[in-house]
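Following the hints, complete the assembly by docking chain C onto the known chain V.
Number of protein chains: 2
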Amino acid sequence: MSRTIGIIGGLGPAATADFFKKLIAATPAKGDSDHLRVLIDSNPRIPDRNDAIAGRGESPAPHLVAAALGLERAGADLLVMACNTAHHWQDVIAAAITIPFLSMIDETADAAMRSGAATIGLLAADGARSAALYERALDARGRAWLRLDDAAQRDFMAAIYTIKAGDAGDGVRAGIRAHALSLIDRGAAALIAGCTEIPLVLDANDVPVPLIESTDVLVRRAIAVARQSQRRRSCEAA
Amino acid sequence: MSRTIGIIGGLGPAATADFFKKLIAATPAKGDSDHLRVLIDSNPRIPDRNDAIAGRGESPAPHLVAAALGLERAGADLLVMACNTAHHWQDVIAAAITIPFLSMIDETADAAMRSGAATIGLLAADGARSAALYERALDARGRAWLRLDDAAQRDFMAAIYTIKAGDAGDGVRAGIRAHALSLIDRGAAALIAGCTEIPLVLDANDVPVPLIESTDVLVRRAIAVARQSQRRRSCEAA
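Each protein sequence line maps, in turn, to chains V and C. Under the working numbering, the residue at position 177 of the first sequence is numbered 462, and the numbers go up by one with no gaps. Under the working numbering, the residue at position 140 of the second sequence is numbered 425, and the numbers go up by one with no gaps.
Hints listed in this document are in silico derivations from the structure and should not be mistaken for laboratory results. Some clues are possibly wrong.
Heads up, the list lumps identical chains together, so a pair's fine if it works in one copy or across two of them.
No more than 20 Å apart at the CA atoms, straight line, and that leaves these computed lysine to any residue pairs for SDA-like [as the list claims (entries may be wrong)]: (1) 307 with 484; (2) 306 with 484; (3) 315 with 442; (4) 315 with 450; (5) 307 with 350; (6) 307 with 429; (7) 315 with 342; (8) 315 with 440; (9) 306 with 501; (10) 315 with 340; (11) 315 with 505; (12) 306 with 506; (13) 307 with 513; (14) 306 with 451; (15) 307 with 491; (16) 315 with 451; (17) 315 with 456; (18) 307 with 453; (19) 306 with 493; (20) 307 with 505; (21) 306 with 452; (22) 315 with 491; (23) 307 with 451; (24) 315 with 332; (25) 306 with 453.
Isolated chain V (complex conformation) (with noise of 0.2 Å):
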């Protein structure tokens, strides 16, 4: 039997819904049967990550522990979480639970270790990038990053709350693709998009570099670690 996986969603809800909606069309099924199962508690109610990081809100750590908590207790087998920017809290939520919490920082840097690149683009919001997720992981494999100016930042932070707003039109999507080459311009030999949010409005069509997705990333990891399971207890089985 294969594993169950836990989802701490709502952060927000289309990315949610598009990290589910990727999960089962990269579910290897001929039908329903074949399908993981998937517990998801998209919790719209917490706190803001960008502003708790920028200090001017309310800490969602203690929400985020108790949806973990909450999705273990229901079955989960493995966690993931379907925002980038509350990475930030990685490691009280793993503290907390006595199953695996799958990094979807973690995963999507060795991913873009394994592009090749020399020099690594980042897309993030800004909590990501205050709190330096990819920078740090990034650093600690030894690769080189580069990431948009604090006043592109500004402009590619308002199309995320823009596209968070339901909005995710050709105006949203020029300017998301425009921040993209211009890392490239800069040097990137691949980007990283990480805030799911981002594959809302650009794809691997829309950039001549590799583009590593975050949501990409971790939901074939957390297909392929909730299956595992199932493949070693077949083998032994046999």
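Below, chain C alone, put in the same frame as chain V:
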């Protein structure tokens, strides 16, 4: 504070993701925090509903009840189920929990009544058809209905399983649309899309009569009920 919606899902998973996505899209929201909290148990291991109704397989009832109880325990204030056919067991589920269960069948039948159509065409999976879920709901409301004959139903059902296997391409779209049009030719003045896979391949623009989609109807109703308590409490506070 709005109420938390629990979704019994995985029946199938893609239909659950579609329901979740539509719930988010239909929620009036300027940002993450305006959205509703949603708990999902997407459990594709629940035995096939159509097989069970046909007497060919294990009953999903204990699994559906377990999912309902788990969602209530996890904090859901009201429950919905993103699968028409599974509503064959709606009374068992509703009896097991202390929170309200919003029936997709009853809400959709009520919406069909509001269309004013004298005769309602029914598109539903084998199990829902064998159990006469919509037929009985419309009989109880004194409204005429018609449905596919046995041969057409077999072809329709093959298309549904194709969608469940991940293929929502042009072939399956054309097939489902042809069956919808055949009901209109026979006199249906409105159609109930009484299977959550249908809106994955057919929308209102594809047919010349009102298309009452069970997914959309339940999404709108769940949002209204979840937000009702919020408005009521705001009024009390005012």
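Do the hints match the structure? See the list:
{"no.": "1", "hint": "307 with 484", "verdict": "both (11 Å within a copy, 18 Å between copies)"}
{"no.": "2", "hint": "306 with 484", "verdict": "both (12 Å within a copy, 15 Å between copies)"}
{"no.": "3", "hint": "315 with 442", "verdict": "between (40 Å within a copy, 15 Å between copies)"}
{"no.": "4", "hint": "315 with 450", "verdict": "between (36 Å within a copy, 5 Å between copies)"}
{"no.": "5", "hint": "307 with 350", "verdict": "neither (25 Å within a copy, 28 Å between copies)"}
{"no.": "6", "hint": "307 with 429", "verdict": "neither (29 Å within a copy, 41 Å between copies)"}
{"no.": "7", "hint": "315 with 342", "verdict": "between (46 Å within a copy, 18 Å between copies)"}
{"no.": "8", "hint": "315 with 440", "verdict": "between (44 Å within a copy, 18 Å between copies)"}
{"no.": "9", "hint": "306 with 501", "verdict": "both (11 Å within a copy, 18 Å between copies)"}
{"no.": "10", "hint": "315 with 340", "verdict": "neither (48 Å within a copy, 22 Å between copies)"}
{"no.": "11", "hint": "315 with 505", "verdict": "within (18 Å within a copy, 31 Å between copies)"}
{"no.": "12", "hint": "306 with 506", "verdict": "within (15 Å within a copy, 23 Å between copies)"}
{"no.": "13", "hint": "307 with 513", "verdict": "within (19 Å within a copy, 32 Å between copies)"}
{"no.": "14", "hint": "306 with 451", "verdict": "both (17 Å within a copy, 11 Å between copies)"}
{"no.": "15", "hint": "307 with 491", "verdict": "within (19 Å within a copy, 26 Å between copies)"}
{"no.": "16", "hint": "315 with 451", "verdict": "between (33 Å within a copy, 8 Å between copies)"}
{"no.": "17", "hint": "315 with 456", "verdict": "between (38 Å within a copy, 18 Å between copies)"}
{"no.": "18", "hint": "307 with 453", "verdict": "both (18 Å within a copy, 15 Å between copies)"}
{"no.": "19", "hint": "306 with 493", "verdict": "neither (26 Å within a copy, 30 Å between copies)"}
{"no.": "20", "hint": "307 with 505", "verdict": "within (9 Å within a copy, 24 Å between copies)"}
{"no.": "21", "hint": "306 with 452", "verdict": "both (19 Å within a copy, 14 Å between copies)"}
{"no.": "22", "hint": "315 with 491", "verdict": "neither (31 Å within a copy, 27 Å between copies)"}
{"no.": "23", "hint": "307 with 451", "verdict": "both (19 Å within a copy, 12 Å between copies)"}
{"no.": "24", "hint": "315 with 332", "verdict": "between (39 Å within a copy, 15 Å between copies)"}
{"no.": "25", "hint": "306 with 453", "verdict": "both (17 Å within a copy, 14 Å between copies)"}
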